[in-house]
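Going down the list, the sequences are from chains V and E.
Under the working numbering, residues 1 to 506 are what the first sequence spells out, in order.
Under the working numbering, residues 1001 to 1437 are what the second sequence spells out, in order.
Mixed in with the good hints there might be a few duds.
Claimed, not checked - Simulated restraints on C-beta separations: (1) 1012/E x 205/V: 19 to 25 angstroms; (2) 1337/E x 24/V: 17 to 23 angstroms; (3) 222/V x 1182/E: 37 to 43 angstroms; (4) 503/V x 1222/E: 31 to 37 angstroms; (5) 1036/E x 333/V: 41 to 47 angstroms; (6) 1140/E x 44/V: 25 to 31 angstroms; (7) 1406/E x 44/V: 30 to 36 angstroms.
Rather than coming from a laboratory, the hints here were simulated on the basis of the structure.
Beta carbons are placed, not taken as given, at the ideal position from N, Cα and C, and that holds for glycine.
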Amino acid sequence: MSAPGGRATSAPLVGREEEPTLFELSRPGRRAWSFRTGGFPDRSVDDLVPPVHRRAHPVDLPEVSERDLVAHVTRLSARQFSVDLGAYPLGSCTMKYNPKVCDAVAALPGLAGVHPAAPASTVQGWLALLVELEEALCAITGMAAATLQPAAGAAGELTGLLLMRAWHAAAGRPRSKVIIPDSAHGTNPASVTLGGYEVVTVSSDERGCVDMDALHRVLDEDVAGIMLTNPNTLGLFEEDIARIATAVHDVGGLLYYDGANLNAILGVVRPGDMGFDIVHMNLHKTFATPHGGGGPGAGPVAVAERLVPFLPGPRPVRTVDGPLGYGWHTPARSIGRVHSWHGNALVLARALAYIRVNGADGLRRVAEAAVLNANWLRRRLAGTLDVAYDRTCMHEVVFSAQRLRRDHGVRALDVGKRLLDHGFHAPTVAFPLVVEEALMVEPTETESPETLEALAAAIEAVVAEAASHPASVTAAPTATPVGRVDEARAARRLVATFDARPTPEG
Amino acid sequence: MLDFLGLGTLDDLFETVPDALRLASGLDLPPGRGEPDVLAEMEAFAEANRARSDRMVCFAGAGAYDHELPAVTRSLAGRSEFVTSYTPYQPEVAQGVLQAIFEYQTMVARLAGLPVANASLYDGASALIEAINLGVAASGRPLVWVSQGVHPHWRAAAGTAAAGTGHDLRSVPLVDGVTAWPAPSEAPAPGGEPGVVVVAYPNHLGCLEDLEPARAWCDRTGAVLVVAADPVAAGLLRSGGDWGADVVVGEGQAFGTPLGFGGPYLGLFATATDHLRRLPGRLVGETVDTEGRRAYVTTLRTREQDIRREKATSNVCTNQTLMAVTAAIQLGWLGTSGLVELGQRCAVATHYTRDALLALDGVEPYAEAPVVREFAIRTPVTADVLLERLADDGFLGGVALGEAYPDGERALLIAVTERRTRDEVDRFVAAVAGALR
Chain V
1 MSAPGGRATS
11 APLVGREEEP
21 TLFELSRPGR
31 RAWSFRTGGF
41 PDRSVDDLVP
51 PVHRRAHPVD
61 LPEVSERDLV
71 AHVTRLSARQ
81 FSVDLGAYPL
91 GSCTMKYNPK
101 VCDAVAALPG
111 LAGVHPAAPA
121 STVQGWLALL
131 VELEEALCAI
141 TGMAAATLQP
151 AAGAAGELTG
161 LLLMRAWHAA
171 AGRPRSKVII
181 PDSAHGTNPA
191 SVTLGGYEVV
201 TVSSDERGCV
211 DMDALHRVLD
221 EDVAGIMLTN
231 PNTLGLFEED
241 IARIATAVHD
251 VGGLLYYDGA
261 NLNAILGVVR
271 PGDMGFDIVH
281 MNLHKTFATP
291 HGGGGPGAGP
301 VAVAERLVPF
311 LPGPRPVRTV
321 DGPLGYGWHT
331 PARSIGRVHS
341 WHGNALVLAR
351 ALAYIRVNGA
361 DGLRRVAEAA
371 VLNANWLRRR
381 LAGTLDVAYD
391 RTCMHEVVFS
401 AQRLRRDHGV
411 RALDVGKRLL
421 DHGFHAPTVA
431 FPLVVEEALM
441 VEPTETESPE
451 TLEALAAAIE
461 AVVAEAASHP
471 ASVTAAPTAT
481 PVGRVDEARA
491 ARRLVATFDA
501 RPTPEG
Chain E
1001 MLDFLGLGTL
1011 DDLFETVPDA
1021 LRLASGLDLP
1031 PGRGEPDVLA
1041 EMEAFAEANR
1051 ARSDRMVCFA
1061 GAGAYDHELP
1071 AVTRSLAGRS
1081 EFVTSYTPYQ
1091 PEVAQGVLQA
1101 IFEYQTMVAR
1111 LAGLPVANAS
1121 LYDGASALIE
1131 AINLGVAASG
1141 RPLVWVSQGV
1151 HPHWRAAAGT
1161 AAAGTGHDLR
1171 SVPLVDGVTA
1181 WPAPSEAPAP
1191 GGEPGVVVVA
1201 YPNHLGCLED
1211 LEPARAWCDR
1221 TGAVLVVAAD
1231 PVAAGLLRSG
1241 GDWGADVVVG
1251 EGQAFGTPLG
1261 FGGPYLGLFA
1271 TATDHLRRLP
1281 GRLVGETVDT
1291 EGRRAYVTTL
1301 RTREQDIRRE
1311 KATSNVCTNQ
1321 TLMAVTAAIQ
1331 LGWLGTSGLV
1341 ELGQRCAVAT
1351 HYTRDALLAL
1361 DGVEPYAEAP
1371 VVREFAIRTP
1381 VTADVLLERL
1391 ADDGFLGGVA
1401 LGEAYPDGER
1411 ALLIAVTERR
1421 TRDEVDRFVA
1431 AVAGALR
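Using the sequences and the accompanying hints, generate a full structural model.
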């Protein structure tokens, strides 16, 4: 280990100074690395790698001591909001608290240290774990079987659409269109395109649900299926779901359930019972696996019986004969792999632990508390902001800041930025697209009544300030490590690596 | 709280859910249990895995490697500010993750020898799929030549995705361990002119191949060259960019992420500036805040699904940020000298092991081309049988090449990382000798 260097001070916390990049902290000759003693006879790499393949110069990486590295990364962490620190009322994102017991599970050497290509006889524990998770997810969604391979929700969506495609192809009737509501997440239309289908958008009615007349107008025998989020992205349950299912099935289409909002209905109602054929789940939302600053997630896809033969393979299965309890099986008409290996396995293990700790009773309580908290906020803030659709919501509620914008020039975005100064993460803003100046709030079940009251009070204070001192709100945030960042400049003069920075003068 | 809402029971919260659809008797799952009970159940699963790297000496690779996981990386990457934060949509409170990604992008771009890298994709396979999509969009031609030296699972996943995109993937075989590209004199090229050419470096057999013929085909046809490069070997080898790659993809698990039974891993993606507007996934850029201080933000957002919807360059939303942050920390830990040292140690240990195994009766090289950190052998018994015998002796002996390659059932792919010692290798070679006897 080399001598210490860098700047081990907490300046960014107290002085709001810039944190230099690791490249700027680099000093030639410093190092942090340390390897096992191999004991192999010395050989020159020149003897081992033909010259035509050798790189001329080493890759230029930061040269820092361990102490420099730790101080730098710790200072970065001090410039980062997280669930462990405070509430993230981010609609549609289900930023619930991530129980620490699941961290302990993911760190078990007998799970974390297992190579994905090891023979089945040596990974019976992993296979059993994955089979049990699949069974639990099927019980929760009311489906027949699931693939655990998709690495995130959007990967699950594409997997589901490819299953849809394979199913129609096998029936000898390839179709060209997939219907999605105008309130859908952006991943839905993007996935539809990658699935080789054309997007047909269906509008919402005045209650915020799928407009049945509009749906009937676009349904025909060229429709492969419909993608729905239920409760939808307005936080509303599609009450006509049974009629929607019948109408889509009547033209030979399939129903795809986007599980982004599954948290609201755990133990209350199952997608399979609503008539869905394909269901993806976001384990990093509903099953409390941490978001990791934007990933990893996990997006298992569960299907009805008739789609099981098309699932991605190989699948972990219980074996019926032979000496082993568990093995791999690739379904007869499998669409193929959708991951390098078996999915985000350590995320899957966390999710099973969460399901086991909660159990049937606990999962139902999750949904109840999530919906209770959202409705409490809806009611609590009804006099403060306009509620986009003022009826009983599910796990999230959409407010509109349209009046603030009209009367004071304060946008939903500004309200969100000012909330940062109050110590809360901003709600989802400007989504769903069907609501002007949307502020979408999802408190989740893990926040206490005290936190909810503090959040409501903060939103009230910001709205009051928007009327009295709008400039303070549009200039927010001011108490954060950096002030509002210039997004336009970032795109206009792109600096996406340290090497693309303009060289300093001199 | 129910009183405040004017509701009588929790059931009333779900009044909009039709009665006929509601679960009558709850989920068919066991009741909740105490956390210590659940941890014990999970430990039992873990105990049932024999192939754990702390108890079985790992010679398996194939894109998943038993590299050093230093305490400093585990400690820093495990900080809950990184683990439990959301996608950095509010940059003012996400400078930590954003700056770490910016540093990661810089390091990946330097490794790849290309000017831009994105903020990560799911894994090697997803990075390859996105590269193919980018290449087809850029060239306007859906014919894709994929060397059989590309990881069989990545090729399989690309084939799955092609069912949706309609891209025409053609496998180009390996001969003597290197890709047998169509001869330049063969014109027109089989199936027409490719829009994308994909080659691995080193390839799945561990072999180093000359990338000039692939580049030449791209120059001739205007195809996009995608190089799937091993980022550890990249410490010694010419970068993809140096060979003329338009896109470099890879699997970044080697940089601080545990084997984890295959995930979560890290899809590396770097490209030339010409393809910026087609870049999949997130990109972090440097900018300033209202006071002129340096700040970071996700940028060129109009490529992304939440804005561009059905016309987005990709459907990726959630990616593998935590693994990208981990890789940035691990690459900081390695530094310039550590990455070279890592590559050299892998190369020395790999050649030592290969020489010793090839000295055994009945063991032959699967391919003769030069290798750097992984190699394939052919043995008299099937790989499955050999692996079972070696497992009984405490070794994860490699990865069976399997049905993806001719005679693959008798071929074993072996990786020797810097974590292997001479004593381990000597015992391993003796165990192989015993297993073949």
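Here is how each hint holds up against the structure:
no., hint, result
1, 1012/E x 205/V: 19 to 25 angstroms, "holds (24 angstroms)"
2, 1337/E x 24/V: 17 to 23 angstroms, "holds (19 angstroms)"
3, 222/V x 1182/E: 37 to 43 angstroms, "holds (39 angstroms)"
4, 503/V x 1222/E: 31 to 37 angstroms, "holds (34 angstroms)"
5, 1036/E x 333/V: 41 to 47 angstroms, "holds (44 angstroms)"
6, 1140/E x 44/V: 25 to 31 angstroms, "violated (47 angstroms)"
7, 1406/E x 44/V: 30 to 36 angstroms, "holds (34 angstroms)"
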